[in-house]
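K.L.:
Here are the chains, one letter per residue:
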Amino acid sequence: GENVGLHLPTLSVQEGDNSIINCAYSNSASDYFIWYKQESGKGPQFIIDIRSNMDKRQGQRVTVLLNKTVKHLSLQIAATQPGDSAVYFCAENIPTSGTSYGKLTFGQGTILTVHP
Amino acid sequence: NAGVMQNPRHLVRRRGQEARLRCSPVKGHSHVYWYRQLPEEGLKFMVYLQKENIIDESGMPKERFSAEFPKEGPSILRIQQVVRGDSAAYFCASSPRDSGGYTFGSGTRLTVV
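Taken in sequence, the protein lines are chains P and F. Going by this note's numbering, the first sequence opens with residue 330, and the numbers climb by one from there. Going by this note's numbering, the second sequence opens with residue 4, and the numbers climb by one from there.
Chain F extracted, bound-state conformation (with noise of 0.2 Å):
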């Protein structure tokens, strides 16, 4: 029974250049959550994603992000034209349908140079 599985586990890219993370729940699960991370913080909350919905995406930065979870396949994060400040690692979470404590991936670290 995999957990969440993220890829790719690193990520280098260079200033202006697209970053994608996918993120695969846990087989059953319905609710994807992605949050970051810098150096020595704690996570910061971005999108919250059922099947094919975007439930809440107030901690989404207004441009060059967005975020989607299709009916097939893994929930896909997408950063447009990457800046120094985007790095950070990148956590996804998933959870089954009106439950908690909700199960992490081990996230994707992107450096942009």
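Here chain P stands alone, though its shape is the one from the complex (with noise of 0.2 Å):
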């Protein structure tokens, strides 16, 4: 579903610390996750997929978890460090006939805020 939000959800952590940013999805059709991070001025930067036949996936510093039972996803970000400050948002894909991947579904984004 549509995510508007005037105010961004905020997230404030030391140096180190490890940090769980939450994304609750819209659809339970949805078949492919991705975490996304967007620093100021910037696109968003890929950090990590998982699809919906799996439930954890791990990469450098980052775990993505997937619960489809109450369609909700999260992103742990393990010794988070001051350059980890930026929004995170997760998209998800909805499968349309032909095509595998293509229209993503964005939520409303989590500010991250590390300080040193």
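I should point out that these hints are in silico values taken from the structure, not numbers from a laboratory. Misleading hints may appear alongside valid ones.
What the hints assert, rightly or not - Only pairs whose alpha carbons sit at most 30 Å apart, straight line, appear in this in silico DSBU-like list of lysine-lysine: (1) P/385 to F/47; (2) P/371 to F/47; (3) P/385 to P/371; (4) P/400 to P/385; (5) F/54 to P/366; (6) P/385 to F/54; (7) F/47 to P/397; (8) P/371 to F/30.
Claimed, not checked - One-sided excerpt, in silico: chain F residues whose CB lies under 7 Å from chain P: (9) 94; (10) 108; (11) 109.
Claimed, not checked - Derived DEER-like restraints, expressed as beta-carbon distance ranges: (12) F/53 to P/374: 21 to 29 Å; (13) P/442 to F/116: 29 to 37 Å; (14) P/444 to F/65: 45 to 53 Å; (15) F/53 to P/356: 19 to 27 Å; (16) P/368 to F/33: 22 to 30 Å; (17) F/74 to P/345: 48 to 56 Å.
Note that the Cβ used here is the ideal one computed from N, Cα and C, for glycine as well.
Two chains, each in its own frame: build the complex with the hints.
P.N.:
Next comes the structure, spelled out in structure tokens:
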């Protein structure tokens, strides 16, 4: 569904702490999910993705968890660094006929601030 | 290996003028997507194109907006007779065939005055 937010959720952490950013997605038919990081004045940067047939995927310092029962996605960042400060978006892909990937629906985003 | 290139980075137009936004996908990518982002909001899908074909334009306003991805050259998002509400960041992304996690460009920030 549509996520229109006038005030984005925020998360403030200390450098070295672990961060958890949550996202509720809208469509039970979604088969693919992506987390993006967006720094000020830049385009979204791919962080990690997960398909609906998985419930966990790990990357370098990041882990994505998928709970299809409650349509919930989370991004865990280990040992958060000041360079991780950005807006984080989850996005879901809803399959459309004839295409594998195309139209992504983005969540409203979470502002992560990491204090040295 | 250049990523997705968008130009211009910033574009100022007066109400009623036309805006043309360009996107050169990653070399070898044949799928292009355009998204719009308003301040403090997530990206909203506009259109999905493959070479010379519009695959899904369900997010495009019915009037004044058009997009193309010709056989040669960049993809173009065209906004005719711009209004203040068109002010936003417009992002292009590209992907290779049958792949997710596509690559975004840095966007064009359109300001209508």
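K.L.:
If a hint holds in the structure, say so; if it doesn't, say that too.
P.N.:
So, going through the hints one by one against the coordinates:
For the hint pairing residue 385 of chain P with residue 47 of chain F, the CA-to-CA distance comes to about 26 Å; that is within 30 Å, so the pair holds. Between residue 371 of chain P and residue 47 of chain F, the direct Cα distance comes to roughly 16 Å. Compliance with the 30 Å bound is thereby established for this hinted pair. Pair hint residue 385 of chain P plus residue 371 of chain P holds up; C-alpha atoms about 28 Å apart against a cutoff of 30 Å. Among the hinted pairs, residue 400 of chain P with residue 385 of chain P is consistent with the structure: their alpha-carbon atoms are about 14 Å apart, no more than 30 Å.
Distance check on the hinted pair: residue 54 of chain F and residue 366 of chain P sit about 28 Å apart at the alpha-carbon level, within 30 Å; holds. The suggested pairing of residue 385 of chain P with residue 54 of chain F is violated, with an alpha-carbon distance near 35 Å, which exceeds 30 Å. Restraint check for residue 47 of chain F and residue 397 of chain P: the C-alpha separation of about 23 Å stays at or below 30 Å, so the hint holds. Annotation: proposed proximity of residue 371 of chain P to residue 30 of chain F holds, straight-line Cα distance about 20 Å (limit 30 Å).
Contact between residue 94 of chain F and chain P, as hinted, is supported at the beta carbon level, the nearest pair being about 5 Å apart and thus within 7 Å. Interface restraint check: residue 108 of chain F against chain P, minimum CB-CB distance 5 Å, threshold 7 Å, status holds. At its closest, the beta carbon of residue 109 of chain F sits 5 Å from a beta carbon of chain P; the interface hint therefore holds under the 7 Å criterion. Take residue 53 of chain F and residue 374 of chain P: their Cβ atoms lie about 24 Å apart, and the range 21 to 29 Å holds.
Our hint of 29 to 37 Å for residue 442 of chain P and residue 116 of chain F holds, since their Cβ atoms are close to 32 Å apart. Roughly 46 Å separates the CB atoms of residue 444 of chain P and residue 65 of chain F, a value that falls within the hinted 45 to 53 Å. For residue 53 of chain F and residue 356 of chain P, the hinted distance range of 19 to 27 Å is satisfied, since their beta carbons lie about 24 Å from each other. Our hint of 22 to 30 Å for residue 368 of chain P and residue 33 of chain F holds, since their Cβ atoms are close to 28 Å apart.
Range check, residue 74 of chain F to residue 345 of chain P: about 52 Å between beta-carbon atoms, so the 48 to 56 Å window is met.
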